[in-house]
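Modelling step: build the complete structure from the supplied sequences, incorporating the hints.
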Amino acid sequence: MNKKMKNVISESIRMALLLIAVSIIAFFLVINSPIDPLTSYVGPESTLSQEARDEIAEYWGLYDPPAERFMSWVGNIVRGDWGDSITYKRPVKDVISERFSYSFGLMACTWVISGLLGFVVGIISGMREGGWFDRITKYFCLMVKSAPTFWIGLLVLVIFAVELKWFPIGMAVPLGKPANEVTFWDRLYHMALPVITLSIISMSDIMLYTRQKLIEIINSDFILYARARGENEKQIVLRHVIRNIALPAITVQFASFSELFGGMALAENVFSYPGIGTATTAAAVNGDVPLLLGIAVCSAVFVFAGNLMANVLYGVFDPRIKEGVITYEHTHAHSH
Amino acid sequence: MSEEKKTVLNVEDLTVAFNMYQKGAFKKTDLEVIHKLSIDVKEGEIVAVVGSSGSGKSLLAHSILHILPKNAKVGGKIEYCGKELDDKYVKELLGRDIAFIPQSVDYLDPLMHVDKQVIGVYGNKERQREVFDRYHLDERVDTLYPFQLSGGMARRVLISSAVMEEPKLIIADEPTPGLNVEMAMETLNNFRELADKGTAVLMITHDIDLAFEVADRIAVFYAGTVVEIASTLDFIMGRGFLRHPYSAAFVDALPQKKFKPIEGTQPYAGNLPSGCLFADRCPYRDDECAGEIPMRDLRGGKVRCVHAT
Ligand SMILES: Nc1ncnc2c1ncn2[C@@H]1O[C@H](COP(=O)(O)OP(=O)(O)OP(=O)(O)O)[C@@H](O)[C@H]1O
Ligand code: SF4
Ligand SMILES: [Mg+2]
Numbered sequence: 001m002n003k004k005m006k007n008v009i010s011e012s013i014r015m016a017l018l019l020i021a022v023s024i025i026a027f028f029l030v031i032n033s034p035i036d037p038l039t040s041y042v043g044p045e046s047t048l049s050q051e052a053r054d055e056i057a058e059y060w061g062l063y064d065p066p067a068e069r070f071m072s073w074v075g076n077i078v079r080g081d082w083g084d085s086i087t088y089k090r091p092v093k094d095v096i097s098e099r100f101s102y103s104f105g106l107m108a109c110t111w112v113i114s115g116l117l118g119f120v121v122g123i124i125s126g127m128r129e130g131g132w133f134d135r136i137t138k139y140f141c142l143m144v145k146s147a148p149t150f151w152i153g154l155l156v157l158v159i160f161a162v163e164l165k166w167f168p169i170g171m172a173v174p175l176g177k178p179a180n181e182v183t184f185w186d187r188l189y190h191m192a193l194p195v196i197t198l199s200i201i202s203m204s205d206i207m208l209y210t211r212q213k214l215i216e217i218i219n220s221d222f223i224l225y226a227r228a229r230g231e232n233e234k235q236i237v238l239r240h241v242i243r244n245i246a247l248p249a250i251t252v253q254f255a256s257f258s259e260l261f262g263g264m265a266l267a268e269n270v271f272s273y274p275g276i277g278t279a280t281t282a283a284a285v286n287g288d289v290p291l292l293l294g295i296a297v298c299s300a301v302f303v304f305a306g307n308l309m310a311n312v313l314y315g316v317f318d319p320r321i322k323e324g325v326i327t328y329e330h331t332h333a334h335s336h
Numbered sequence: 001m002s003e004e005k006k007t008v009l010n011v012e013d014l015t016v017a018f019n020m021y022q023k024g025a026f027k028k029t030d031l032e033v034i035h036k037l038s039i040d041v042k043e044g045e046i047v048a049v050v051g052s053s054g055s056g057k058s059l060l061a062h063s064i065l066h067i068l069p070k071n072a073k074v075g076g077k078i079e080y081c082g083k084e085l086d087d088k089y090v091k092e093l094l095g096r097d098i099a100f101i102p103q104s105v106d107y108l109d110p111l112m113h114v115d116k117q118v119i120g121v122y123g124n125k126e127r128q129r130e131v132f133d134r135y136h137l138d139e140r141v142d143t144l145y146p147f148q149l150s151g152g153m154a155r156r157v158l159i160s161s162a163v164m165e166e167p168k169l170i171i172a173d174e175p176t177p178g179l180n181v182e183m184a185m186e187t188l189n190n191f192r193e194l195a196d197k198g199t200a201v202l203m204i205t206h207d208i209d210l211a212f213e214v215a216d217r218i219a220v221f222y223a224g225t226v227v228e229i230a231s232t233l234d235f236i237m238g239r240g241f242l243r244h245p246y247s248a249a250f251v252d253a254l255p256q257k258k259f260k261p262i263e264g265t266q267p268y269a270g271n272l273p274s275g276c277l278f279a280d281r282c283p284y285r286d287d288e289c290a291g292e293i294p295m296r297d298l299r300g301g302k303v304r305c306v307h308a309t
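Chains as they are written, first to last, in the numbering used here: chain A, 1 to 336; chain B, 1 to 309.
Hints may be right or wrong, so weigh each one.
[Unchecked claim] Derived DSS-like pairs: lysine-lysine, alpha-carbon spacing no greater than 27 Å straight-line:
id: 1; chain 1: B; residue 1: K70; chain 2: A; residue 2: K213
id: 2; chain 1: B; residue 1: K73; chain 2: B; residue 2: K116
id: 3; chain 1: B; residue 1: K91; chain 2: A; residue 2: K234
id: 4; chain 1: B; residue 1: K42; chain 2: A; residue 2: K234
Calculated from the structure, these hints are not laboratory results.
Structural data, given as structure tokens:
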């Protein structure tokens, strides 16, 4: 119990440090980039005089030393003032929360589907190592891993939306339908293609991992013993294999948050899905500094939360960590 | 009287080879680790298997149970109650008629409570409690994980799972290390009791002293084969009653006998002499020892030596 708390606290501290590091790096990358926030704000065709420009820049603090600018930015963020998005003409906070809610659904579905599918397929191929199923899935995974996300996205788009016409080509809701008439099913239906694409992409990691782990433990002594006690393949998988692989597999799945996030950004663009990924592209194209920085910080929190979850889960479920190593017999041994 | 006893386990000319990469080679070749090994265990009998580390004791157990790794090639014959013990037949027997006591606690699932493991796929909770009680494992032990067991407890848990059903054949790989002397003796006496009720026990052990206590016969392993099988009495009587120079040396090397152990080491499986495997260490070696040495009957035992008398 105590140990678990300590673990969570130290993980949280680690996360806070990483967050600070990300903020610093993101901030300095942006202010050193060729984006001129003033031009982005007023538009390239603006006829504003140089004096007026200087005045605004002065007012915004653009001529202050970078460290000072960073501190005032952080101060504003902490106070809840994230600024306004130039692209969407709305507060950054609103844009991010709306976009994240779309992306979050996408990610959650992908995460669960790719996790379950990858785990099951990994177990089947591992149990039949070298068989036809194993070989096909392995080649499939290697192919997917080496193909660019947008290419797979386009492939899925062409097959399922253009040729088979099973799913819509893009967007999150039917075009032209009033927002209050959009149903849950509309949303799900529109989410299908990006989820399929992302699942295909992120399944391969967890599948290859599960397969590898299974091959590793299937020759271990405790599986031999289970066999020697008359357990058949099915009983071995259900009683021992799942139990021993599930935990590390879930950890790997949580740790893959960052990759999933990256893949999602690309897939959203292919399917013009209005999530955080398309917002990032739009912000980058328009030199929308407040939005870019806001997204960088939120994404970092999101990805770190995934890793934190993985670590905490391990402590909750693995008895070797949960119960500590001191137990019954040790206390006994001392009394001898 | 022992004539009419049924042979439960009969191993004849067992050969085990591993297909693997060897030092300096780029192709997989067969490494033969068990050579023409023959051994049998009768109903109600305890046969102890002794021999130094790496002599193939565990591999014999694993061959009988059909749990060798995939790259193992097995030749020869293994019979259970007169019937060829093939893959299909062994599946019917494992966990019920044939029980295995493995060499270490690593053979338990690290993430499963021990009671569930001992119950396995054929047992039930009631029986498990009964057996645990017999081995002084109280209720708290039921829900421990293997890593929480001491060496002695782990041993007793492993033995418990072997006696959950009523096996006709028990194969025990080093059942006593980690146990204190009383517990070790008690375990062996349990084997004796089971044997007296008709169970055949193949007991692998480092501890020849313990073998002396309960075994009916002792088989001596050397470099992957049996060099001598004889009644325990012959071993207790000492070298004059033994047939093979290695078993004589093995008994002499016991700490309480103060004899010098024989020079040299067991040959490596990849580099075996063509004739007698013991030749390079044998004081009685001559030209005849370079040929094939068959196992032969001698004075009620069996020996693999051309000069044994
Ligand atoms: N999977 C394997 N691949 C290759 N060689 C193996 C394999 N398993 C065992 N061996 C070899 O076979 C020989 C016999 O091993 P085995 O485990 O039967 O010895 P043992 O008599 O049980 O020894 P110990 O008393 O240490 O338990 C050893 O030389 C070992 O290196
Ligand atoms: S066969 Fe020859 S070398 Fe081998 S043990 Fe007998 S006497 Fe010694
Ligand atoms: Mg062994």
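For each hint, the structure was consulted:
{"no.": "1", "hint": "B:K70 with A:K213", "in the structure": "holds, 17 Å"}
{"no.": "2", "hint": "B:K73 with B:K116", "in the structure": "violated, 33 Å"}
{"no.": "3", "hint": "B:K91 with A:K234", "in the structure": "holds, 14 Å"}
{"no.": "4", "hint": "B:K42 with A:K234", "in the structure": "violated, 34 Å"}
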